[in-house]
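Take a look at the letters that make up each chain.
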Amino acid sequence: AQTIHQWPVAEIKAVGSPLSLGCTIKGKSSPNLYWYWQATGGTLQQLFYSITVGQVESVVQLNLSASRPKDDQFILSTEKLLLSHSGFYLCAWRTGLGSYAEQFFGPGTRLTVL
Amino acid sequence: GDSVTQTEGLVTLTEGLPVMLNCTYQTIYSNPFLFWYVQHLNESPRLLLKSFTDNKRTEHQGFHATLHKSSSSFHLQKSSAQLSDSALYYCALSEGNYAQGLTFGLGTRVSVFP
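These protein sequence lines map, in sequence, to chains B and H. So for the first sequence, this note's numbering puts the first residue at 13; every next one is plus one. So for the second sequence, this note's numbering puts the first residue at 27; every next one is plus one.
Be careful, since some hints might not be right.
Stated by the list, open to error - No farther apart than 20 Å at their CA atoms in a straight line, the calculated lysine to any residue pairs in the SDA-like style are these: (1) Lys104/H - His86/H; (2) Lys82/H - Glu114/B; (3) Lys92/B - Trp19/B; (4) Lys92/B - Leu126/B; (5) Lys40/B - Gln126/H; (6) Lys25/B - Phe100/B; (7) Lys40/B - His17/B; (8) Lys82/H - Thr50/H; (9) Lys104/H - Ala125/H; (10) Lys104/H - Ser77/H; (11) Lys104/H - Asn57/H; (12) Lys82/B - Leu75/H; (13) Lys38/B - Arg72/H; (14) Lys40/B - Ala125/H; (15) Lys95/H - Leu123/B; (16) Lys95/H - Thr50/H; (17) Lys82/H - Thr92/H; (18) Lys82/H - Ala113/B; (19) Lys25/B - Asn75/B; (20) Lys40/B - Arg72/H; (21) Lys40/B - Ser79/B; (22) Lys92/B - Leu123/B; (23) Lys82/B - Trp19/B; (24) Lys95/H - Gly42/H; (25) Lys40/B - Leu73/H; (26) Lys104/H - Val37/H; (27) Lys82/H - His97/B; (28) Lys25/B - Ser96/B; (29) Lys92/B - Ser29/B; (30) Lys95/H - Leu75/H.
Keep in mind that the hints were calculated from the coordinates and are not lab data.
Here chain B stands alone, though its shape is the one from the complex:
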C-alpha cells in the first residue's frame, strides 16, 4: 500500500525567514506529485507538479519554488517567507496515468507566518 508522509506537521516562522517543506511517498514507483496550498477555509490552489525526478512545472508560484531530488521526494521551499504564505500545504499524488486517476493527499503541513 502507498503511504505519503509530509514534514514538518506544523511550523511557525517569522516573515523573511527561509522555509523548506517535504513530502515522501512510499510504495509507488514514479508517481505524479503535486503541491497544493490552502488558505484557512479557502480553496485548494495547485502550486507545482512533477512527473519525474528533476522535473517540476509551476502552476502558481506565490514566491515559492519546488524540487524533486528523488523519485519519492518532493520539496517546497522559499528563501523569504511572506505573511501571505500562511496556510495549509498539501502534497498529493495520482494513482495512474489518465484523467480518471484519483488524487490522494498527504496529511499536510500547517504553516503560520508571523
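Following the hints, put chain H in place on chain B, whose structure we already have.
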C-alpha cells in the same frame, strides 16, 4: 483554462434534511472527469466520488452525483444529512493534461445541526 464553480460558500441545515451542493464546470476537453472531495476539520481532503460517464448516477457513502455534460454540472446530493457530514466539500475537474493535478472549486462548507 478549465474552471469549477461552486455557488454556495456555506450551507447550514438540520439533521435529517436533504442536502444538495451545486457544481458546474467549464472545460475545452470533450471528456471531462469530475470528482467530489470532502475535508473534515484538521484533516486533508479525501475522495468521496468520481464520474466520467454522462447521465449515470454515482453513489458512495450515502452521497450521489450525476454528471450532466449538457449542462456541465455535477451536483452532489444526499437524502438525509447527518451530523458527521459537517465538512468542506470540493468539486474538482481533471484536465485533458492529466499530468497536471485536479482543478478545484472554491468549496462549500456544510454545517449540520441537531
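Outcome of the hint check:
no., hint, verdict
1, Lys104/H - His86/H, "holds (10 Å)"
2, Lys82/H - Glu114/B, "holds (19 Å)"
3, Lys92/B - Trp19/B, "holds (19 Å)"
4, Lys92/B - Leu126/B, "holds (12 Å)"
5, Lys40/B - Gln126/H, "holds (18 Å)"
6, Lys25/B - Phe100/B, "holds (14 Å)"
7, Lys40/B - His17/B, "holds (13 Å)"
8, Lys82/H - Thr50/H, "holds (16 Å)"
9, Lys104/H - Ala125/H, "violated (32 Å)"
10, Lys104/H - Ser77/H, "holds (17 Å)"
11, Lys104/H - Asn57/H, "violated (26 Å)"
12, Lys82/B - Leu75/H, "violated (31 Å)"
13, Lys38/B - Arg72/H, "holds (18 Å)"
14, Lys40/B - Ala125/H, "holds (16 Å)"
15, Lys95/H - Leu123/B, "violated (39 Å)"
16, Lys95/H - Thr50/H, "holds (10 Å)"
17, Lys82/H - Thr92/H, "holds (6 Å)"
18, Lys82/H - Ala113/B, "holds (18 Å)"
19, Lys25/B - Asn75/B, "holds (16 Å)"
20, Lys40/B - Arg72/H, "holds (18 Å)"
21, Lys40/B - Ser79/B, "holds (18 Å)"
22, Lys92/B - Leu123/B, "holds (14 Å)"
23, Lys82/B - Trp19/B, "holds (16 Å)"
24, Lys95/H - Gly42/H, "violated (30 Å)"
25, Lys40/B - Leu73/H, "holds (19 Å)"
26, Lys104/H - Val37/H, "holds (13 Å)"
27, Lys82/H - His97/B, "violated (41 Å)"
28, Lys25/B - Ser96/B, "holds (12 Å)"
29, Lys92/B - Ser29/B, "holds (5 Å)"
30, Lys95/H - Leu75/H, "holds (17 Å)"
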